[in-house]
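Each protein sequence line maps, in turn, to chains B and V.
Here my numbering is used: the first residue of the first sequence is 18, the next is one more, and so on.
Here my numbering is used: the first residue of the second sequence is 538, the next is one more, and so on.
Derived from the structure by calculation, the hints contain no laboratory data.
Just so it is clear, CB atoms sit at the ideal spot from N, CA and C, and this is done for glycine as well.
Please note that the accuracy of each hint is not assured.
[Stated by the list, open to error] Restraint ranges, calculated between C-beta atoms of paired labels, are given here:
{"id": "1", "chain 1": "B", "residue 1": "W50", "chain 2": "V", "residue 2": "A636", "range": "21 to 27 Å"}
{"id": "2", "chain 1": "V", "residue 1": "T724", "chain 2": "B", "residue 2": "R123", "range": "22 to 28 Å"}
{"id": "3", "chain 1": "B", "residue 1": "L98", "chain 2": "V", "residue 2": "R769", "range": "37 to 43 Å"}
{"id": "4", "chain 1": "V", "residue 1": "R660", "chain 2": "B", "residue 2": "G116", "range": "35 to 41 Å"}
{"id": "5", "chain 1": "B", "residue 1": "A125", "chain 2": "V", "residue 2": "R660", "range": "47 to 53 Å"}
{"id": "6", "chain 1": "V", "residue 1": "T668", "chain 2": "B", "residue 2": "N102", "range": "42 to 48 Å"}
{"id": "7", "chain 1": "V", "residue 1": "R769", "chain 2": "B", "residue 2": "R123", "range": "51 to 57 Å"}
{"id": "8", "chain 1": "V", "residue 1": "A702", "chain 2": "B", "residue 2": "P48", "range": "43 to 49 Å"}
{"id": "9", "chain 1": "B", "residue 1": "R99", "chain 2": "V", "residue 2": "P545", "range": "55 to 61 Å"}
{"id": "10", "chain 1": "V", "residue 1": "G743", "chain 2": "B", "residue 2": "L98", "range": "30 to 36 Å"}
{"id": "11", "chain 1": "B", "residue 1": "L100", "chain 2": "V", "residue 2": "G666", "range": "31 to 37 Å"}
[What the hints assert, rightly or not] Okay, the calculated bits of chain B under chain V, using three or more residues with CB under 8 Å as the criterion:
{"id": "12", "segment": "84 to 96"}
{"id": "13", "segment": "110 to 122"}
[Claimed, not checked] Short, incomplete list of chain V residues facing chain B, as computed with Cβ under 10 Å:
{"id": "14", "residue": "A688"}
{"id": "15", "residue": "A692"}
{"id": "16", "residue": "L717"}
{"id": "17", "residue": "P720"}
{"id": "18", "residue": "T724"}
{"id": "19", "residue": "A729"}
{"id": "20", "residue": "V732"}
{"id": "21", "residue": "V733"}
Listed here are the chains, written in short residue letters.
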Amino acid sequence: MSVWIAVAGVALSTFLLRASFIVFIDPHRFPGWFRQALKFVPPSVLAAIVVPGLLMPEGALDLRPTNARLLAGIVAIVASLRLRNAMATIAAGMVALWGLQWVLARLA
Amino acid sequence: MTHASASPRDEFLAGSRRMAPVLLGAVPFAFVAGVAATAAGMTPAQGIALSALSFSGIAQLIASQLIAVHSPVVVTVAAAFVVSLRFLMYSASMAPHVAHLDWRWRVLLSFLMTDQSFAASVRHYADAGDTRHRHWFFLGAALTLYTFWQASVVAGVLAGAQVPARWSLDFAVVLTFIALLVPAVRTRPDLAAAVVAAALSLAAAGLPYRLALVVASIGGIGVGLAIESRGRR
């Protein structure tokens, strides 16, 4: 039951944000400082999702060279900087992870 | 290209075609989002409803992660809200172009708006020529993306249980976010926001229900704003 309520809540909040100025509020009332703040939403939110995913794959900080996700993530970041292409970034990261997992399984 | 007297049909088809390259990235992303919903313990109906009603890969993935760890509903909704704040910016940019439309049109276009259809439509509104039917371009782009997205989510939801854990398909989610993060860091304040948010997300990792995400995001936004306003003085 609580899952259904969460689904409804997520659906409602994404809709209200999308409809905010298109349906409900006059866009002239969009304050400048707020526009400034929103610019920093993507880098902040995405970094806060990505970095724990790479440095804490099992829930605790893991900076060892056996952390395949960290290494594969670095490969993906370099690929993204070089290629500027989302599909190539994802492909490079997945191939790197599978390769590293294969190598690490044989070293262990 | 749309010529001077573009009909609603021309506009709709042009919008639809404009999404073709975008689908290459969106279809696998949607599949991963579907797999994530099933992996989070949601029933197929719940996973499909989450996607059909919220139509946002990032919000779907965050919601799935939080439902997986049995977060309270309030925390799940708050996290989805924070990661969806960018829609406020899109909504404000799109509003003047669609202000003349009937409210039903505006509700429909709002519901279907995503990063890609917004970007393509805003660019199209800036083109020279007849702008009267350009909401049909927006609808064509958005509806095309919606159709392919939902079909791929359904495939992911149904495949979810069959995908072996050793494929580490959940890592594709992190990689998707890397592919969005790297181009989002363009200026020094952007970089500062990202670094501070990353540090806070690690420092606050002990907080329950991934509240670290909300704390880190707000901290990153604050630092970005502070550095930018100092640079301007």
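Checked hints:
Between W50 of chain B and A636 of chain V the CB atoms are about 24 Å apart, so this pair conforms to the stated range of 21 to 27 Å. Checked against the hint of 22 to 28 Å, the pair T724 of chain V and R123 of chain B fails, with Cβ atoms roughly 44 Å apart. Checked against the hint of 37 to 43 Å, the pair L98 of chain B and R769 of chain V fails, with Cβ atoms roughly 27 Å apart. Between R660 of chain V and G116 of chain B the C-beta distance comes to about 39 Å, which sits within the given range of 35 to 41 Å.
Taking 47 to 53 Å as the suggested C-beta distance range, the pair A125 of chain B and R660 of chain V conforms, at roughly 51 Å. For T668 of chain V and N102 of chain B, the hinted distance range of 42 to 48 Å is not satisfied, since their beta carbons lie about 32 Å from each other. Evaluation of the 51 to 57 Å hint for R769 of chain V and R123 of chain B yields a pass: the beta carbon distance comes to about 55 Å. Range check, A702 of chain V to P48 of chain B: Cβ separation about 47 Å, and the 43 to 49 Å hint holds.
Between R99 of chain B and P545 of chain V the beta carbons are some 42 Å apart, a value that contradicts the proposed interval 55 to 61 Å. G743 of chain V and L98 of chain B have their C-beta atoms about 31 Å apart, which keeps the hinted 30 to 36 Å range intact. The beta-carbon spacing between L100 of chain B and G666 of chain V, approximately 34 Å, falls within the hinted interval of 31 to 37 Å. Here's how the segment 84 to 96 of chain B fares: 5 of its residues keep a CB closer than 8 Å to some CB of chain V, so the rule of at least three is met and the hint holds.
Using a Cβ-Cβ cut-off of 8 Å, 5 residues of the segment 110 to 122 of chain B lie near chain V, which meets the minimum of three, so the contact claim holds. The beta carbon of A688 of chain V is not positioned within 10 Å of any beta carbon in chain B (closest approach about 19 Å), and the interface hint is therefore violated. Hint status for A692 of chain V relative to chain B: violated, with the closest Cβ pair at about 17 Å, above 10 Å. Given hint, L717 of chain V at the interface with chain B, holds; its Cβ is 6 Å from that chain's nearest Cβ, closer than 10 Å.
Hint status for P720 of chain V relative to chain B: holds, with the closest Cβ pair at about 7 Å, below 10 Å. Given the 10 Å rule on beta carbons, the hint for T724 of chain V holds: about 9 Å separates it from the nearest Cβ of chain B. Here the hint on A729 of chain V is kept, as its CB sits about 9 Å from the closest CB of chain B, short of 10 Å. For V732 of chain V, the shortest C-beta to C-beta distance to chain B is roughly 7 Å, which falls under 10 Å, so the interface hint holds.
At about 8 Å, the closest approach between the beta carbon of V733 of chain V and any beta carbon in chain B falls short of 10 Å, and the interface hint on this residue holds.
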